[in-house]
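Spelled out from the first residue to the last, the chains are:
Number of protein chains: 4
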Amino acid sequence: MNTKDYKILIDKKGNKYLFKGQDVHTKFGVIKKEDITNKKTVHSNKGYEFRVVPANFFDVYKKIKRGPQIVTPKDIGFVIARTGINKNSAIIDAGGGSGGVSCLLSQFVKKVYCYEIEEKWVNIINENLKLLNINNVEVIKESVVGFKTPEEIEMVFLDLPNTINVLKSDFQGLKKGGYIVCYLPNVGQVKEITSFVEGNDKFILEEVTEITKRDWNMAGIRSRPFNTQLVFTAFLVFIRYY
Amino acid sequence: MNTKDYKILIDKKGNKYLFKGQDVHTKFGVIKKEDITNKKTVHSNKGYEFRVVPANFFDVYKKIKRGPQIVTPKDIGFVIARTGINKNSAIIDAGGGSGGVSCLLSQFVKKVYCYEIEEKWVNIINENLKLLNINNVEVIKESVVGFKTPEEIEMVFLDLPNTINVLKSDFQGLKKGGYIVCYLPNVGQVKEITSFVEGNDKFILEEVTEITKRDWNMAGIRSRPFNTQLVFTAFLVFIRYY
Amino acid sequence: MNTKDYKILIDKKGNKYLFKGQDVHTKFGVIKKEDITNKKTVHSNKGYEFRVVPANFFDVYKKIKRGPQIVTPKDIGFVIARTGINKNSAIIDAGGGSGGVSCLLSQFVKKVYCYEIEEKWVNIINENLKLLNINNVEVIKESVVGFKTPEEIEMVFLDLPNTINVLKSDFQGLKKGGYIVCYLPNVGQVKEITSFVEGNDKFILEEVTEITKRDWNMAGIRSRPFNTQLVFTAFLVFIRYY
Amino acid sequence: MNTKDYKILIDKKGNKYLFKGQDVHTKFGVIKKEDITNKKTVHSNKGYEFRVVPANFFDVYKKIKRGPQIVTPKDIGFVIARTGINKNSAIIDAGGGSGGVSCLLSQFVKKVYCYEIEEKWVNIINENLKLLNINNVEVIKESVVGFKTPEEIEMVFLDLPNTINVLKSDFQGLKKGGYIVCYLPNVGQVKEITSFVEGNDKFILEEVTEITKRDWNMAGIRSRPFNTQLVFTAFLVFIRYY
Chain A
54 MNTKDYKILI
64 DKKGNKYLFK
74 GQDVHTKFGV
84 IKKEDITNKK
94 TVHSNKGYEF
104 RVVPANFFDV
114 YKKIKRGPQI
124 VTPKDIGFVI
134 ARTGINKNSA
144 IIDAGGGSGG
154 VSCLLSQFVK
164 KVYCYEIEEK
174 WVNIINENLK
184 LLNINNVEVI
194 KESVVGFKTP
204 EEIEMVFLDL
214 PNTINVLKSD
224 FQGLKKGGYI
234 VCYLPNVGQV
244 KEITSFVEGN
254 DKFILEEVTE
264 ITKRDWNMAG
274 IRSRPFNTQL
284 VFTAFLVFIR
294 YY
Chain B
54 MNTKDYKILI
64 DKKGNKYLFK
74 GQDVHTKFGV
84 IKKEDITNKK
94 TVHSNKGYEF
104 RVVPANFFDV
114 YKKIKRGPQI
124 VTPKDIGFVI
134 ARTGINKNSA
144 IIDAGGGSGG
154 VSCLLSQFVK
164 KVYCYEIEEK
174 WVNIINENLK
184 LLNINNVEVI
194 KESVVGFKTP
204 EEIEMVFLDL
214 PNTINVLKSD
224 FQGLKKGGYI
234 VCYLPNVGQV
244 KEITSFVEGN
254 DKFILEEVTE
264 ITKRDWNMAG
274 IRSRPFNTQL
284 VFTAFLVFIR
294 YY
Chain C
54 MNTKDYKILI
64 DKKGNKYLFK
74 GQDVHTKFGV
84 IKKEDITNKK
94 TVHSNKGYEF
104 RVVPANFFDV
114 YKKIKRGPQI
124 VTPKDIGFVI
134 ARTGINKNSA
144 IIDAGGGSGG
154 VSCLLSQFVK
164 KVYCYEIEEK
174 WVNIINENLK
184 LLNINNVEVI
194 KESVVGFKTP
204 EEIEMVFLDL
214 PNTINVLKSD
224 FQGLKKGGYI
234 VCYLPNVGQV
244 KEITSFVEGN
254 DKFILEEVTE
264 ITKRDWNMAG
274 IRSRPFNTQL
284 VFTAFLVFIR
294 YY
Chain D
54 MNTKDYKILI
64 DKKGNKYLFK
74 GQDVHTKFGV
84 IKKEDITNKK
94 TVHSNKGYEF
104 RVVPANFFDV
114 YKKIKRGPQI
124 VTPKDIGFVI
134 ARTGINKNSA
144 IIDAGGGSGG
154 VSCLLSQFVK
164 KVYCYEIEEK
174 WVNIINENLK
184 LLNINNVEVI
194 KESVVGFKTP
204 EEIEMVFLDL
214 PNTINVLKSD
224 FQGLKKGGYI
234 VCYLPNVGQV
244 KEITSFVEGN
254 DKFILEEVTE
264 ITKRDWNMAG
274 IRSRPFNTQL
284 VFTAFLVFIR
294 YY
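These protein sequences, in sequence, are chains A, B, C and D.
So that you can map any letter, position 165 of the first sequence is 218 in the working numbering, and since no number is skipped, the others follow by simple counting.
So that you can map any letter, position 98 of the second sequence is 151 in the working numbering, and since no number is skipped, the others follow by simple counting.
So that you can map any letter, position 71 of the third sequence is 124 in the working numbering, and since no number is skipped, the others follow by simple counting.
So that you can map any letter, position 204 of the fourth sequence is 257 in the working numbering, and since no number is skipped, the others follow by simple counting.
One or more of the hints may lead you astray.
Said to hold, decoys possible - Capping the alpha-carbon separation at 30 Å, the derived lysine-lysine pairs in DSSO-like fashion look like this:
id	chain 1	residue 1	chain 2	residue 2
1	D	K116	C	K93
2	B	K69	A	K57
3	A	K92	B	K201
4	A	K69	B	K228
5	A	K163	A	K57
6	A	K69	B	K66
7	B	K93	A	K201
8	A	K255	B	K66
9	D	K228	C	K115
10	D	K221	D	K183
11	B	K229	A	K93
12	D	K229	C	K116
13	C	K73	D	K73
14	A	K229	B	K116
15	D	K92	C	K73
16	B	K57	A	K221
17	C	K140	D	K164
18	A	K140	B	K163
19	D	K229	C	K86
20	C	K140	D	K116
21	A	K86	B	K229
22	D	K255	C	K86
23	B	K228	A	K229
Honestly, the hints are just simulated from the structure, not real lab data.
Next up, chain A with everything else stripped away, as it sits in the complex:
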């Protein structure tokens, strides 16, 4: 079964289950694979109704294997929209982790070089790339410090413990005017990075920001934001190579 034929089953609560050709097990019962056709709804063996929609990339993406911390679409989305990259760009993602960032970015650029040093994660990335049917991500099992790319790249996305080592390194391949975007969970890292950048004429510090997403529960007269939500993921630092 091709990824194009994957489907999403949605229960009454809005929970989604990915159908890749197998029986689907849910807390509201099992849906037999042979029952999942082109009808809009299907019923589990317990009699619950599920809506059926063709899966898109993002549906499948949300089901990939992940590490403990993931970069959220609100953050990746802003990076995509704001760094001037496009369908023709080559970019770097490091460290790869479970490959989430590379997978998502691969949909909007020509080529992603994904640096990851740990075997364990490299394997997970490859699994995820396969599941998502992605072939424009090249996994490089090396440190991104001192990177050297075969083609000119336009953006480097860094989600690393020692981001500063990349900035200090003698890297090659990043286009003049391109970006190094640092994803930094702690304010101490932001300070370390921005202090370094401001004293260095290879770089221009363009922006330090944080993106927040607040979801609303729309339910007639009782519409309101959900009470408890994720309020912080990381700071984004946009550094222009110069």
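Go by the hints and put chains B, C and D onto chain A.
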């Protein structure tokens, strides 16, 4: 001069000026076009220094003609990352306005159909497309209500006063499982739309959210968020076509 | 033992336990009442250390019996600071619920009239008042609709399902220039209330706002906001009686 | 004319003007003092209508002379509600600045000791205390470092450049279990203070937080948060003396 050769001049305050082959006039003096070469810095006639970097798409994008309200990169970015669209997608943007959304989305998808009924805005969109050297946006001078596209589309972005009319219309071309994303500045509109959608089995209401961006002023020990900022643009409603 | 002699025991994690003269049971073991003297630290039977501080009103307040939803200090605090009330004011709190709002406000005003119609809650309020040693709250087992107070009051705090009935009622006692503050969890209620007020020359709509509190985890270089937090409690609507 | 007889005039836009017995000059014309009686409305010489309400403390407070930065009611309110202080408490406010914090806190506690070293600000504080008819604030023209109060105090509010000097000093008078609340505009200060506190057994770090207030423009179907607002004032650090 090709858009690829455009440059950005950055003054000491971080203000950016777009160089498209002309003399650049700034509040810190004039920079003669013949002085803007491949050097990293240039001086104005008043002796102020400017850094020079190659302009990317986003730099030029920020200088296009705009209407009174624009959809911000934080919002467009989240739409890009979350709707499963990609380099091969065709999408709709309506109403076009100054074309900002179409221009930005055009960088990440195959084709944008931009609906705009007002002559005045159609002209501005065309101007902006030309400035940005974009050729995968087709401007359609019609209402998006009851749209009918020549190819299957994956996402419809609606920033319109009467969004609900599109949902009620007998449109054709939107892929099953595709999205209608409503950009709604007022909570009353959100309520109207979500109430309509919840009683309609053509649609699944997936998410109502708002994205906020908070910028930080990093200045050594005095680092802090900027005091006054944009705290609200619009609600984003993600409706899945089913 | 007098409330003035209550103490707070704090474990290594920052959890607080209220000592009112009894043995204190914690997840890190039991602390015998006779061990809790004026020393700065005490040990449990399992050998864990606890810091001991004299309890203040707020420490005890946090341990009172509560209903499912409570008005948070960030919201009550803003009401206190912004409505012009003071040590000499009489005010109304309705509906009383578990009495949390009345208890906290009682510390800063002369008199609180607490309206609550349900026997069950009235009993809990009385219990909480006793625990906190408060004697300037008068519990009135009646609906606040059409209230009539023995003395002039300066502020009415309403946390009720049918707030609008109070506004529509022929109440007596609220000072001209005083406030009705509505605590409204849903945006639909805000709309209903504000529409009513704007067409009524007895009232002036001064402000509709929401207060958010974001806590930081300060831990050296790893300082950052906590990831998941309470992001919404209710809207506050400030209506001036005129 | 007594402060109790002050009035507030409100124009069509919601702007407020304080009447202390004089003619009131507004952008919609002049209102003669003799016209301001107990009627609900009054007209200016240009024919505009103004609503008239008795002024409360907060109305007058908003008209006092202020320095460049003021502590906002959202922040002071949370401090009031959360530190266990009440009508019987004595507290310290330092540095006094224009006296705004002292004036507002004076309404809810027994006594405020306001430390301010600059003659210029001491004079402004005294002016403001007079305007607001406050007599439980004692202005002390000294540094708060090493403070020594005649009576036991329950809370120290610090809005100072060198907050840490107070923490390091050999102060006397703060009750065991009482609070030192630091109002810190910069994250670097927060780090300095919290690092110091965590290594010092005189103090317990209870909370680092920031309070945000988002105002809504309620206008029928067009209800929404105001677009641009104050998003940051300062961090609040609650340190318990132990």
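Consistency of the hints with the structure:
no. : hint              : verdict
1   : K116(D) x K93(C)  : violated (46 Å)
2   : K69(B) x K57(A)   : violated (44 Å)
3   : K92(A) x K201(B)  : holds (24 Å)
4   : K69(A) x K228(B)  : holds (19 Å)
5   : K163(A) x K57(A)  : holds (20 Å)
6   : K69(A) x K66(B)   : violated (48 Å)
7   : K93(B) x K201(A)  : holds (22 Å)
8   : K255(A) x K66(B)  : holds (17 Å)
9   : K228(D) x K115(C) : holds (20 Å)
10  : K221(D) x K183(D) : violated (34 Å)
11  : K229(B) x K93(A)  : holds (10 Å)
12  : K229(D) x K116(C) : holds (20 Å)
13  : K73(C) x K73(D)   : violated (51 Å)
14  : K229(A) x K116(B) : holds (20 Å)
15  : K92(D) x K73(C)   : violated (55 Å)
16  : K57(B) x K221(A)  : holds (29 Å)
17  : K140(C) x K164(D) : holds (12 Å)
18  : K140(A) x K163(B) : holds (9 Å)
19  : K229(D) x K86(C)  : holds (20 Å)
20  : K140(C) x K116(D) : holds (21 Å)
21  : K86(A) x K229(B)  : holds (20 Å)
22  : K255(D) x K86(C)  : holds (24 Å)
23  : K228(B) x K229(A) : violated (40 Å)
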